[in-house]
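Enquirer: So you can see what is in the structure, the chains are spelled out below.
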Amino acid sequence: MNFQPLGKRVLVKRVEEASTTASGIIIPDNAKEKPSRGEVVAVSKEVTELACGDKVLFGKYAGNEVSLDGDKFVVIEIDDIFGIIG
Amino acid sequence: MNFQPLGKRVLVKRVEEASTTASGIIIPDNAKEKPSRGEVVAVSKEVTELACGDKVLFGKYAGNEVSLDGDKFVVIEIDDIFGIIG
Amino acid sequence: MNFQPLGKRVLVKRVEEASTTASGIIIPDNAKEKPSRGEVVAVSKEVTELACGDKVLFGKYAGNEVSLDGDKFVVIEIDDIFGIIG
Amino acid sequence: MNFQPLGKRVLVKRVEEASTTASGIIIPDNAKEKPSRGEVVAVSKEVTELACGDKVLFGKYAGNEVSLDGDKFVVIEIDDIFGIIG
Amino acid sequence: MNFQPLGKRVLVKRVEEASTTASGIIIPDNAKEKPSRGEVVAVSKEVTELACGDKVLFGKYAGNEVSLDGDKFVVIEIDDIFGIIG
Amino acid sequence: MNFQPLGKRVLVKRVEEASTTASGIIIPDNAKEKPSRGEVVAVSKEVTELACGDKVLFGKYAGNEVSLDGDKFVVIEIDDIFGIIG
Amino acid sequence: MNFQPLGKRVLVKRVEEASTTASGIIIPDNAKEKPSRGEVVAVSKEVTELACGDKVLFGKYAGNEVSLDGDKFVVIEIDDIFGIIG
Numbered sequence: 541m542n543f544q545p546l547g548k549r550v551l552v553k554r555v556e557e558a559s560t561t562a563s564g565i566i567i568p569d570n571a572k573e574k575p576s577r578g579e580v581v582a583v584s585k586e587v588t589e590l591a592c593g594d595k596v597l598f599g600k601y602a603g604n605e606v607s608l609d610g611d612k613f614v615v616i617e618i619d620d621i622f623g624i625i626g
Numbered sequence: 541m542n543f544q545p546l547g548k549r550v551l552v553k554r555v556e557e558a559s560t561t562a563s564g565i566i567i568p569d570n571a572k573e574k575p576s577r578g579e580v581v582a583v584s585k586e587v588t589e590l591a592c593g594d595k596v597l598f599g600k601y602a603g604n605e606v607s608l609d610g611d612k613f614v615v616i617e618i619d620d621i622f623g624i625i626g
Numbered sequence: 541m542n543f544q545p546l547g548k549r550v551l552v553k554r555v556e557e558a559s560t561t562a563s564g565i566i567i568p569d570n571a572k573e574k575p576s577r578g579e580v581v582a583v584s585k586e587v588t589e590l591a592c593g594d595k596v597l598f599g600k601y602a603g604n605e606v607s608l609d610g611d612k613f614v615v616i617e618i619d620d621i622f623g624i625i626g
Numbered sequence: 541m542n543f544q545p546l547g548k549r550v551l552v553k554r555v556e557e558a559s560t561t562a563s564g565i566i567i568p569d570n571a572k573e574k575p576s577r578g579e580v581v582a583v584s585k586e587v588t589e590l591a592c593g594d595k596v597l598f599g600k601y602a603g604n605e606v607s608l609d610g611d612k613f614v615v616i617e618i619d620d621i622f623g624i625i626g
Numbered sequence: 541m542n543f544q545p546l547g548k549r550v551l552v553k554r555v556e557e558a559s560t561t562a563s564g565i566i567i568p569d570n571a572k573e574k575p576s577r578g579e580v581v582a583v584s585k586e587v588t589e590l591a592c593g594d595k596v597l598f599g600k601y602a603g604n605e606v607s608l609d610g611d612k613f614v615v616i617e618i619d620d621i622f623g624i625i626g
Numbered sequence: 541m542n543f544q545p546l547g548k549r550v551l552v553k554r555v556e557e558a559s560t561t562a563s564g565i566i567i568p569d570n571a572k573e574k575p576s577r578g579e580v581v582a583v584s585k586e587v588t589e590l591a592c593g594d595k596v597l598f599g600k601y602a603g604n605e606v607s608l609d610g611d612k613f614v615v616i617e618i619d620d621i622f623g624i625i626g
Numbered sequence: 541m542n543f544q545p546l547g548k549r550v551l552v553k554r555v556e557e558a559s560t561t562a563s564g565i566i567i568p569d570n571a572k573e574k575p576s577r578g579e580v581v582a583v584s585k586e587v588t589e590l591a592c593g594d595k596v597l598f599g600k601y602a603g604n605e606v607s608l609d610g611d612k613f614v615v616i617e618i619d620d621i622f623g624i625i626g
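Residue numbers (the numbering used here), protein chains in the order written: chain C, 541 to 626; chain H, 541 to 626; chain W, 541 to 626; chain G, 541 to 626; chain V, 541 to 626; chain X, 541 to 626; chain A, 541 to 626.
Chain C with its partners taken away, still in its complex shape:
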């Protein structure tokens, strides 16, 4: 990713959560909700708690949506990331 976050920020690619149940039924309302999971794809030099490839959980309204190379990402402060899904 040709993006270098500044400050205490990381760049995250949202992971689309399954919008169907195990039995295959689509849940429309949930399908529209943006997931709050993602994968870290770029890390500021000031961030040591996270590395690229980490799966993270963060607040639904945290960070800023940005477009890079025609794809959508979230630039998010490390303080707004709840933790790492191991």
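Since the hints were derived computationally from the structure, they do not count as laboratory data. Note that CB positions come from ideal geometry on N, CA and C, so glycine has one too. Possibly wrong hints are sitting among the right ones.
[Claimed, not checked] In silico contact screen, one side only, chain A against chain V (beta carbon under 10 Å); selected entries:
{"#": "1", "residue": "Phe543"}
{"#": "2", "residue": "Gln544"}
{"#": "3", "residue": "Pro545"}
{"#": "4", "residue": "Thr588"}
{"#": "5", "residue": "Asn604"}
{"#": "6", "residue": "Val606"}
{"#": "7", "residue": "Leu608"}
{"#": "8", "residue": "Val615"}
Add chains H, W, G, V, X and A to chain C, keeping to what the hints say.
Expert: Just chains H, W, G, V, X and A, lined up with the frame of chain C:
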């Protein structure tokens, strides 16, 4: 639990409080209220005041509800935890 | 008390103030008001200004009401306690 | 006074300001206004700028009204006291 | 002046600005406006930037009006004083 | 550029983003939106994270629009810049 | 200028920006807008980033308007000055 909280956070599993009185009568209003007790199931490396297994008391509206492995938890800042039930 | 407050908090048992005058007349409005006096029953390790047994004065709306062993208490920050009644 | 203020607080006894003019005429509106003068009657260990007996000037809405031994006082932060009347 | 300001405060005597123009015409609206100039008459021990006798300029709504010895003054934080008129 | 930013600020020249799609169709609404990309053209002495020529991404409403030599720029705090587009 | 700013402040004389276009046409709305350019005419001892004579750019609503010797100036915090026009 495959979740590593970041910052000054812990992951807490809410403990459902009894929604019936000693004599077995269900109190409907109280039954709908989310309890503010829980058990610590994961701790950030930055948190030293608490350990997994601790039973804690916290504000009803503190923290963020998260779903992990189909189960519900609260990610909560250590400052929002009132204390440990011994 | 099996409760260990965290941070700069203490656990306080409210002292019910007399709701009758010296001559025994009940003052209804005042009787409903929660008193802002209490006795310290548990102290965080981070608090050195107070000890269990201290009678304290605090703001009427300070702290959080909690239930422990079927009894009601207030978890309150040391900064919200005005002083010790000697 | 059997009260030990905590933090950066002092206990002040309000001084009732004259509600009549020099010529003895009562000024009703002013008479109802609480004066913002008082005498320091107890000092927290953390306060070094003031001593018991000091006459002080403070904001009309600063501090908290408290009752001790059937008498009324103000518990007030040192930062809310404008100065000492010499 | 028998007043010792506390904290980062000074006591200022407002200087009434001319409410008439050079040609003697009274400007009623302006006449009612409180001037924001004054002379420093007492200084807290914590204030080193100003001395008694300094003419200062300050925000119209800064500070607190106080009465001392039947005269009116402003108790004002040093941060709210724009500068010294030389 | 004859402008020296003060504090933690940089001067940025906005980069107009393409308001037409690959097939040449104009998208009116998007065309009116101000892009949040730009090129750094002047840097305060207090800023070390960025250099002139860096392409940056920043919040749509961050910074202050200024006119210099008949051209428009944004003066923006380093904290409001998300990162560098490499 | 007989004015010594206090704190992190400077005294600025606004520079009236041209309210006519190159071809001489008056633009009424713009003409009423106060310019956000000025020249530094006095500097607090605490300010080292600026000197008298510097042309500066600042936010339209920053600082406080003051009258000195019948002339109008702005007293403005150094943090509200965007930069120096070289």
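Enquirer: Determine for every hint whether it applies to the structure shown.
Expert: Quick rundown of the hints versus the structure:
no.: 1; hint: Phe543; in the structure: holds, 5 Å
no.: 2; hint: Gln544; in the structure: holds, 4 Å
no.: 3; hint: Pro545; in the structure: holds, 4 Å
no.: 4; hint: Thr588; in the structure: violated, 16 Å
no.: 5; hint: Asn604; in the structure: holds, 6 Å
no.: 6; hint: Val606; in the structure: holds, 6 Å
no.: 7; hint: Leu608; in the structure: holds, 7 Å
no.: 8; hint: Val615; in the structure: holds, 4 Å
Hint compliance for this structure: hint 4 alone is broken.
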